[in-house]
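Novice: One letter stands for each residue in the lines below.
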Amino acid sequence: MKEEDFRELVGKYSEQLYWHIRSLVGSHEDADDLVQETFIKVWKALPSFRGESSLSTWLWRIATNEALGFLRKRRVRASLMFESLDAEAERVVDSDPWFDGDKAQRQLAKAILSLPPKQRSVFCMRYFEELPYEQISEITGTSVGALKSSYHLAAEKLKVLIESVD
Amino acid sequence: MSKKMNYNVPDGYFENLQKRLSAIPAQVEKPSRMQKFTPYLALAACFAIAVMIGNFVLRRSTVPVASEDEIIEYLIASDITLAQIEDYLITNQ
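These protein sequences, in sequence, are chains A and B.
Per this note's numbering, the very first residue in the first sequence carries number 1; after that it's consecutive.
Per this note's numbering, the very first residue in the second sequence carries number 1001; after that it's consecutive.
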């Protein structure tokens, strides 16, 4: 693939991928780093892309793996400092200057970020990005049935988390 | 979607991001043909080494076996009689 094709890819998908990553990691700064890492991987891996899945599914898979890898490291770091998932979510949302929601929306963002990373990724892809379960299944390599139950579990948890704050 | 998430970005961020991302090919070297095949070459080398070691071990542990013709010739050339062979077969059945 030539550089012009890559640039076309950047033009078409960079913003969507940024929002995808941002929904998973919360902070603008981290999402900015990760979208850059994602496109570096895309550029390196493009010659081996065989079209077994659609290009967008392939891009989302790379971005999701990149974000989940980052979240794993962040969780380990937080655990070493005896910080719970809730406390970590609170810190991420409160320290991000690029969050413009009111108190309730801030609470929702914190609740989403306190979900376990994989469950959060399923919830965000379905709820915010409105991706069909079949595509999420291709991205994550998880069955549609398992995704549906994961989504409903996440929605239930969020309901409880938000109600407990009110 | 950003509104639904209530996340925001600095002004002109996406234009700037696109510029930075478009510069990746100039900054990051694409893996060469050799680099692309290196994992496969390593795998092939491992396989070849495993075959060589297996072959070596098998050769060392295999007891040479005489062919049927060689056994018959040996029996003919020796002083052994048919009765002795029969005895041997009956006692070792």
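Hints listed in this document are in silico derivations from the structure and should not be mistaken for laboratory results.
Just so it is clear, CB atoms sit at the ideal spot from N, CA and C, and this is done for glycine as well.
Check each hint, because a few of them may be wrong.
[As the list claims (entries may be wrong)] In silico lysine-lysine, DSSO-like type, Cα no more than 27 angstroms apart, as pairs: (1) B:1019 with A:118; (2) A:103 with B:1019; (3) B:1004 with A:12; (4) B:1019 with A:157; (5) B:1019 with A:159; (6) A:41 with A:12; (7) B:1004 with A:103; (8) A:41 with A:157.
[Said to hold, decoys possible] Computed list of chain A residues with no C-beta within reach of chain B, every gap over 12 angstroms: (9) 17; (10) 40; (11) 105; (12) 117.
[What the hints assert, rightly or not] Pair by pair, the computed Cβ-Cβ distance ranges are: (13) A:84 with B:1056: 36 to 44 angstroms; (14) A:132 with B:1044: 53 to 61 angstroms; (15) A:106 with B:1029: 53 to 61 angstroms; (16) B:1052 with A:69: 36 to 44 angstroms; (17) B:1046 with A:116: 34 to 42 angstroms; (18) B:1004 with A:118: 49 to 57 angstroms.
Novice: State for each hint whether it applies.
Specialist: These are the hints, each one checked on the structure:
Of the pairs offered as hints, the one joining residue 1019 of chain B and residue 118 of chain A is violated, with about 31 angstroms between alpha carbons and a cut-off of 27 angstroms exceeded. Pair hint residue 103 of chain A plus residue 1019 of chain B does not hold up; C-alpha atoms about 35 angstroms apart against a cutoff of 27 angstroms. With a CA separation close to 21 angstroms, the supplied pair residue 1004 of chain B and residue 12 of chain A stays within the 27 angstroms bound. With a C-alpha separation of about 40 angstroms, the suggested pair residue 1019 of chain B and residue 157 of chain A falls outside the 27 angstroms cut-off, and the hint is violated.
Distance restraint check for residue 1019 of chain B and residue 159 of chain A: the Cα-Cα separation of roughly 40 angstroms exceeds the 27 angstroms cut-off, and the hinted pair is therefore not satisfied. Pair hint residue 41 of chain A plus residue 12 of chain A holds up; C-alpha atoms about 17 angstroms apart against a cutoff of 27 angstroms. For the hint linking residue 1004 of chain B to residue 103 of chain A, the alpha-carbon distance of about 14 angstroms falls within 27 angstroms, and the restraint holds. Distance hint between residue 41 of chain A and residue 157 of chain A is unfulfilled; the C-alpha atoms sit about 34 angstroms from each other, more than 27 angstroms.
Not every Cβ of chain B is farther than 12 angstroms from the Cβ of residue 17 of chain A; the closest lies at roughly 10 angstroms, contradicting the non-interface assignment. Taking the minimum C-beta to C-beta distance to chain B, about 6 angstroms, the non-interface status of residue 40 of chain A is violated against the 12 angstroms cut. Not every CB of chain B lies more than 12 angstroms from the CB of residue 105 of chain A, the least distance being 4 angstroms, so the non-interface label is violated. Residue placement check: residue 117 of chain A keeps its beta carbon more than 12 angstroms from all beta carbons of chain B (closest about 17 angstroms).
One distance hint, 36 to 44 angstroms for the beta-carbon pair residue 84 of chain A and residue 1056 of chain B, is violated here, with the actual separation near 57 angstroms. At roughly 41 angstroms, the beta-carbon separation of residue 132 of chain A and residue 1044 of chain B lies outside the given 53 to 61 angstroms, and the hint is violated. Taking 53 to 61 angstroms as the suggested C-beta distance range, the pair residue 106 of chain A and residue 1029 of chain B does not conform, at roughly 43 angstroms. Checked against the hint of 36 to 44 angstroms, the pair residue 1052 of chain B and residue 69 of chain A passes, with Cβ atoms roughly 38 angstroms apart.
At about 37 angstroms, the beta-carbon gap between residue 1046 of chain B and residue 116 of chain A stays in the expected band of 34 to 42 angstroms. For residue 1004 of chain B and residue 118 of chain A, the Cβ-Cβ distance of about 21 angstroms falls outside the hinted range of 49 to 57 angstroms, so the restraint is violated.
Going down the numbered hints, you'll see the structure goes against 1, 2, 4, 5, 8, 9, 10, 11, 13, 14, 15 and 18, while the others check out.
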